[in-house]
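A.B. asks: Protein sequence lines, in the order shown, are assigned to chains A and B. Using our numbering, the letters of the first sequence correspond one by one to residues 1 to 109. Using our numbering, the letters of the second sequence correspond one by one to residues 1 to 558.
Treat the hints loosely; a few may be bogus.
Unchecked claim - Derived, one-sided and incomplete: chain A residues facing chain B with beta-carbon distance under 10 angstroms:
#, residue
1, Leu16
2, Phe67
3, Glu93
What the hints assert, rightly or not - Here are the simulated DMTMM-like cross-link-like pairs (lysine to aspartate or glutamate), alpha carbons at most 25 angstroms apart as the crow flies:
#, chain 1, residue 1, chain 2, residue 2
4, B, Lys95, B, Glu401
5, B, Lys255, B, Glu200
6, B, Lys239, A, Asp83
7, B, Lys361, B, Asp84
8, B, Lys239, A, Glu97
9, A, Lys33, B, Asp402
10, B, Lys109, A, Asp83
11, B, Lys109, B, Asp99
12, A, Lys81, B, Glu200
13, A, Lys107, B, Glu111
14, B, Lys361, B, Asp402
15, A, Lys81, B, Glu101
16, A, Lys107, A, Glu97
Rather than coming from a laboratory, the hints here were simulated on the basis of the structure. Predicted model, so just to flag it, every value in this text is computed and none were measured. Cβ atoms here follow ideal geometry from the backbone N, Cα and C, with glycine treated the same way.
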Amino acid sequence: MSIFIDENICNGCKGLPEARCERICPGDLCYRKENMKATIRDQSACWTCACCVKECPVQAIELRLPFQVCSGGSSLKARLKRDKTIWTIWDAEGHQEEFIIQARYLKGD
Amino acid sequence: MSISHIDTDILIIGGGAAGCFAAVEIYKKSPTCNVVVMEKAHIERSGCLAMGLNAINAYLHAGQTPDSYVAYVERQFEGIIRKDLVYSIVQGLNKAVKDVEDMGLPIEKNEDGTYKMRGKRSIRIFGERLKPILAEAVQKTSALVLNRVVATNFIYDGDRVRGAFGYGVKNSTFYVIRAKAVIVATGGASGIYKPNNTGEARHLIWYCPWNVGTGYAMGIRIGAEMTSFENRFVALRVKDVNAPTGTIAIGARAKQINARTEDYLELYYKHLGGNKCLTQHRVLATIEEKKMGRGPCYLDTTTLNESDERRLKEDFLNMNPQIILLWASKGMNPRHKPVEIQGTEPFIVGGHCQAGYWIDKERRTTIPGLYAAGEVAGGAPKKYVSGSWVEGRIAVTTAMEDIKDVTLKDIDTEVIQGEKARALAPLTKKTGISPQEVRERLQKIMDEYAGGISMNYALHEERLLEARRLLKCLRDRIKDMTAVNNYNLVEALECIDRIDVARVLVEHLIYRKESRWACYQTRLDYPEKDNCRWLTFVNSLYDSTTDEIKMVERPLCS
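Assemble the whole structure, with the sequences as input and the hints as a guide.
C.D. replies: See below:
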């Protein structure tokens, strides 16, 4: 598994012609199922670039690593603000770490 | 299935670093110039910058000169570079970086406002949103951006490129785009060789998995001259997750150590320069350590303090978030455990190495009407992202000047229908072979017979001749490829493009009968570097009428 989409959180970006993760995935891997929940068509084609993770407005998507390379159970989420990205990392024991990183200059900076 | 006809002045194929920058540049020069950007994904997150970027590795700091930079690139590539191209890139680096900073890219600075040095030629950036920043700049222009449109071939009448064909995977539309000039900026090629990881992890590769060499393949098919495909790129990366080792080695000053914790570059490879060796020799030494039973090899991160470690994680979140997951898994903290490293499978790129179109200093390819910029342009290694921006700018300047007297030309309906039938053929077949099968076959052939990772990248004539034969057989089978939907069709088209690139690559590997760039190009049957015979460019031209690849040599001074 490379990304995990929590169907309890995903709202399918209702009202938009396509879900945000579907719009952004560079590999054209995300799409909405009939129940309007987002899914990934092929985990093995995922680059783990986290573009969908960043784009999801409700943080329904987590980045994970395929079991083959990492059996540790860690996960990563992101929230995009206008000028920064807030990352939350959970390690194998469930400990949480947060990073707030500048991502762009706003006008006047 | 509908056909969409679009006419434009300049068509840019590929909305990555070079393509986006080029579109913005045209608008600056002439807001009324018509521009179309054809992009396979979505320009906000596409190509090798999709994840982001934490450093710009080509920058001219105070005290350095264009001459010193060119000399550095020449040394790294063991005498074979197009100095004219590299020189033209170096001259534009700092302005291009400033332009992108003005678009909104945060860059780490000194108190006096100059950019902080990360390495001799490198600066630290906060580039997680570098691609959205570039895309936003494009969206402020009048360019028409066609997202999710896969380029299939150039429109070429034997005299001049007149545009390109594409297929819109979201709207099942076949695009016929006529243009006075076409700038190809599609990036390099991944997926030619079997990757290090398999199964569900097969796409944990260094280079964007969807950059498959389409730009090269389209040029090959119309007979454009290509250069230096044998100068493959093998990156030294963090094992399994392919995160850049430079971020740790340069950013955190971590040394390469072997399983005995020896500084192996200094201890065993002093003759190659020790810790100051060429980039390719870092990969070579790591492979040699494995062969000698002194592997695995690592970057020693155990000397980091907590604040260094946090800074390192910040850098990776801006570029390779996967490594953070690795470190967050049990027992993998970098302060407690060194980071294991290994070489990737080979890639064909013109940004780190120099595989690509043979171009003149103004970025004209050998086919009139066609210009190349970025990874797809050959002869100028170590251009990285900032060099790709410069090449985008140069290509635009040339194309805008050249098209002043060019008019659009009618395209025969038969040509359009022929290309549509070719590109969409896999959708019409109910039985046959799947794109996945073709991809795996190609990767197996290349790995085993053309110097993949399982062969420690080594090459020799007999195996390469077998690769040539097997690739020809595989090319003959693509007519049997099936696709069940548009996603699957793109996979099929990617296979065709990769095979066309692989065939040219193998001819280049056969032709250069010496060992010049360790690991990138190592011949077991010609183990020495031969400066008397091979200080020359190896180029190729494909002839579609005979299905033959003709090899030619070009002198270094071209």
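A.B. asks: Decide, hint by hint, whether the structure agrees.
C.D. replies: The hints, checked one at a time:
1. Interface hint at Leu16/A: violated, since its Cβ lies 14 angstroms from the closest Cβ of chain B, which is beyond the 10 angstroms cut-off.
2. Using the Cβ-Cβ criterion of 10 angstroms, the hint placing Phe67/A at the interface with chain B is satisfied: the shortest such distance is roughly 7 angstroms.
3. Because the beta carbon of Glu93/A sits about 8 angstroms from the nearest beta carbon in chain B, less than 10 angstroms, this interface hint is met.
4. For the proposed pair Lys95/B and Glu401/B, the alpha carbon gap of about 21 angstroms is at most 25 angstroms, so the pair holds.
5. Using a Cα cut-off of 25 angstroms, the hinted pair Lys255/B and Glu200/B is violated, with the two alpha carbons roughly 32 angstroms apart.
6. The straight-line distance between the Cα atoms of Lys239/B and Asp83/A is roughly 32 angstroms, outside the 25 angstroms bound, and the hint therefore fails.
7. Distance restraint check for Lys361/B and Asp84/B: the Cα-Cα separation of roughly 6 angstroms lies within the 25 angstroms cut-off, and the hinted pair is therefore satisfied.
8. Taking the CA atoms of Lys239/B and Glu97/A, the gap is near 24 angstroms; set against the 25 angstroms cutoff, the hint holds.
9. Among the hinted pairs, Lys33/A with Asp402/B is inconsistent with the structure: their alpha-carbon atoms are about 49 angstroms apart, more than 25 angstroms.
10. Under the criterion of a C-alpha separation no larger than 25 angstroms, the hint pairing Lys109/B with Asp83/A is consistent with the structure, at around 17 angstroms.
11. Only pairs whose Cα atoms come within 25 angstroms are accepted, and Lys109/B paired with Asp99/B is accepted, the gap being roughly 16 angstroms.
12. The suggested pairing of Lys81/A with Glu200/B is violated, with an alpha-carbon distance near 32 angstroms, which exceeds 25 angstroms.
13. As the CA atoms of Lys107/A and Glu111/B are separated by approximately 20 angstroms, the hinted pair is consistent with the 25 angstroms bound.
14. In summary, the hint linking Lys361/B to Asp402/B is supported, as the alpha carbons are separated by about 14 angstroms, within the 25 angstroms threshold.
15. Taking the CA atoms of Lys81/A and Glu101/B, the gap is about 19 angstroms. The hint holds against a cut of 25 angstroms.
16. Using a Cα cut-off of 25 angstroms, the hinted pair Lys107/A and Glu97/A is violated, with the two alpha carbons roughly 30 angstroms apart.
Of the numbered hints given earlier, the model fails hints 1, 5, 6, 9, 12, 16; all others are met.
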